[in-house]
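**Student:** These protein sequence lines are chains A and B, in that order.
Numbering-wise, the first sequence is residues 1 to 453 according to my numbering.
Numbering-wise, the second sequence is residues 1 to 453 according to my numbering.
There could be a bad hint or two in this list.
Repeated chains share a single entry, so a pair holds when one copy, or any two copies, can fit it.
To be verified - Okay, derived cross-link-like pairs now, BS3-like style, lysine-lysine, Cα gap no bigger than 25 Å in a straight line: (1) K361 <-> K149; (2) K417 <-> K231; (3) K162 <-> K231; (4) K162 <-> K344; (5) K95 <-> K440.
These are calculated hints, taken from the structure and not from any lab test.
Since the model is a prediction, treat every value here as computed from it, not as a measurement.
What follows is the residue order along each chain.
2 protein chains.
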Amino acid sequence: MSHEIKKSGRILRAPENFVDDKLAEEITTHGLNAERRGFLRKSFLAASAAMASGTALAQAAASSFDGDPNILNLPEHSTTLGKPVRTNPYGLPSKFESNLVRRESPGLTRVPQASVAFTPLQSLFGIITPSGLHFERHHQGWYDIDPSKHRFMINGMVKKPKVYTMDDLMRMPSVSRIHFLECGANTAMEWGNVAVPSVQYSHGMLSCSEFTGVPLSILLDECGFDKKNAKVVLAEGGDGSGMTRTIPIDRALDDVIVAWGMNGEMLRPENGYPLRLVAPGLQGVSWVKWLRRIEVGDKPYATKDEAVHYMDAMPDGTFRQYTSIQECKSVITTPSSGQVLLEKGFYNITGVAWSGRGKIKRVDVSVDGGRNWRTARLETPVLSKCLTRFNIDWVWDGSPVILQSRAIDETGYVQPKINELRAVRGSKSIYHNNAIQSWKVAESGEVSNVQVY
Amino acid sequence: MSHEIKKSGRILRAPENFVDDKLAEEITTHGLNAERRGFLRKSFLAASAAMASGTALAQAAASSFDGDPNILNLPEHSTTLGKPVRTNPYGLPSKFESNLVRRESPGLTRVPQASVAFTPLQSLFGIITPSGLHFERHHQGWYDIDPSKHRFMINGMVKKPKVYTMDDLMRMPSVSRIHFLECGANTAMEWGNVAVPSVQYSHGMLSCSEFTGVPLSILLDECGFDKKNAKVVLAEGGDGSGMTRTIPIDRALDDVIVAWGMNGEMLRPENGYPLRLVAPGLQGVSWVKWLRRIEVGDKPYATKDEAVHYMDAMPDGTFRQYTSIQECKSVITTPSSGQVLLEKGFYNITGVAWSGRGKIKRVDVSVDGGRNWRTARLETPVLSKCLTRFNIDWVWDGSPVILQSRAIDETGYVQPKINELRAVRGSKSIYHNNAIQSWKVAESGEVSNVQVY
């Protein structure tokens, strides 16, 4: 047994010329077993004054070994006193993860206040997006608004228009739900056959968080909205862009939340602190940030961001408006473009799937460009209008392959191929590209973004 | 309608002496309706060169008003260009939330490397704990270990002992699951009738995250563990304290994960980066951080942290060992000790419930010290060995009251009163206090920590 341990690694490795084979096996096999530790400590008491268990063992062993002493040296973190609790009262990622940040696509917009910073999907796990990596899409920059001064108004076709403070809202009945949030322009470049270099840039206007707030339906009831004639609400942000979006009343009364909480704490300033609309299943622009007003109306408002932007350019030259539901979609996040497989063998293919119409029912994965499909494992919980993480085993034989994922939601809708989508939608659009994504793995192991028809 | 708007708040408020009542109503009622905005812009074109919608409106309105100009002035964030995207490549909380941090109880331990920093439960929402606020409990400080140098070994009663790199592990089949993590000594002070000042200190060694990693069962299978004779595994940390814990083999093969991911990203250094054990339902000390080794054995190892610490002192002078499952428990987080209710009226009572034995089935709330109970709403999803958020409506009439919550898990176990728990366990214990917590609301609205028998 000790031979195999010796072959396979570095920690507590027992070299062949160890002075005492029996002891070497004791150490490697039984490690810090308390009974045997007593024995070892007696035998080697002189070897070390430090009696911290692991340390003592290693030093004891090292002192009996006349080869390279580093072989048995434990790393510094196993032999020293670490940093105190609360070194960071609000914790931060490891210094070794400093490359894992939101990234901006240079030149994508004219000013960085009306730009995008993408979520690094290629390095994330599960379904929760860390709030520090939640994508940003602003129309006139972001703000850190004093919550004690923030006000939220409901007016329009209501009996009693009201203005709420944050304190007012946070005393009300609240709900907490996990939902994805995707910009309507996510994966926009793929319409035009521009293969952006990584899944961070191709799909990174996508995040998923647990949101907490008061259901909009409760607030609308409290204000006595006109149940007979109300058809829509208008959500208005407090930012300089005056972001405004029309939302159908049925949707507003269903699962829309006036939210202050994101992943357990208050919203981050870039994500609308102290108040944003959570409109599950709808494109991100409808999740109005720095929310200051909801107006109840009887027809769509045709505001700038729905009359000029966020429309689907169709092949016949017309524009589709108010297509704000994010259809069923998925993407493989590892392996993905920009990553390199270092060798043949086993890999876990993983990715996320989501649908603005409900739960994900199934995700299929192909490693041959869509000819054959296998069904992936879905991680629990599978929630409505929420990212679903999928995983599937794969053994790479070293030949070039095309990796694809295809999601199916509970309505039976199947994520389309890019040519199927183009047949209906043309290629002039910017918005609502939910096509199957293809990653090519070359013989070298390099993964790149390709379009497969 | 305009009168009510005037009364109720500040935003877009239309004063009574507004030059044009009709226009005032237009602005307050219809706000940024695009059609009407066109009209307004024409009427007030001279008033403002900035045509950003909200800004233009407010400035236009303000210019026609001869009272206090501040009444109609929009806040700076509605009239200026904000900060660019990626001001923080890794985002941070608002400056107004700087008080929401982990806190250490001074004098709790002799050195801050072997201390606790508590999670501020009183200000959190939902079930996900932001990783920056995850509680800390170290035995010899924390480390930021280079993952490329970290190794993980499996040995003991296995056919093929193996050492894994992080790359090796992260290629393997992975799972993502949301679980709570509670220190066995959480709520320890309440055994001795010491009413600590807030739920952060009384219950804040509790967090809940989505963890991602490879099931330990897969690794044990790969190493060919001795299915006939194996009874336990020993988990060993790479820290200077040589943290080691025995875990029954059935549990290890069930839902234990060798994890690198927490809330979507790599573990934080304080929480075991790059690798920790996730042992759902077990006390925190078994979730060994900076995990470097699993040894398979045939009897409990009786290591320092199970033979000397983390034992339950019983009334008869004996000690219970290996009682590592965290029993069903709950606590109201708002209102809670240290908070103040500013006035009578409606409040949302909210808190969390959890059980190391499965799902939460029901949470009851009493506002009269346990005489009457009402069943709270559970937020979805309700997951096994996971925090469950509960909410319940409450109208405070201004009289003194005692608030309590009582959780019941899917096994039928009911969270005990403190006197029921003391009848069995005495009061010498430090560990495993899962009693019902009582908060007293005084006539002044001040909430304090009390014990109710």
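**Student:** For every hint, state whether the structure bears it out.
**Tutor:** Verification of the supplied hints:
1. K361 <-> K149: The answer is neither: 44 Å in one copy and 40 Å across copies each exceed 25 Å.
2. K417 <-> K231: neither (35 Å within a copy, 51 Å between copies)
3. K162 <-> K231: Cα proximity of K162 and K231: one copy only (20 Å, versus 64 Å across).
4. K162 <-> K344: Between copies only: 20 Å across, 64 Å inside.
5. K95 <-> K440: neither (31 Å within a copy, 44 Å between copies)
Checked against the numbered hints above, the structure breaks hints 1, 2 and 5 and satisfies the rest.
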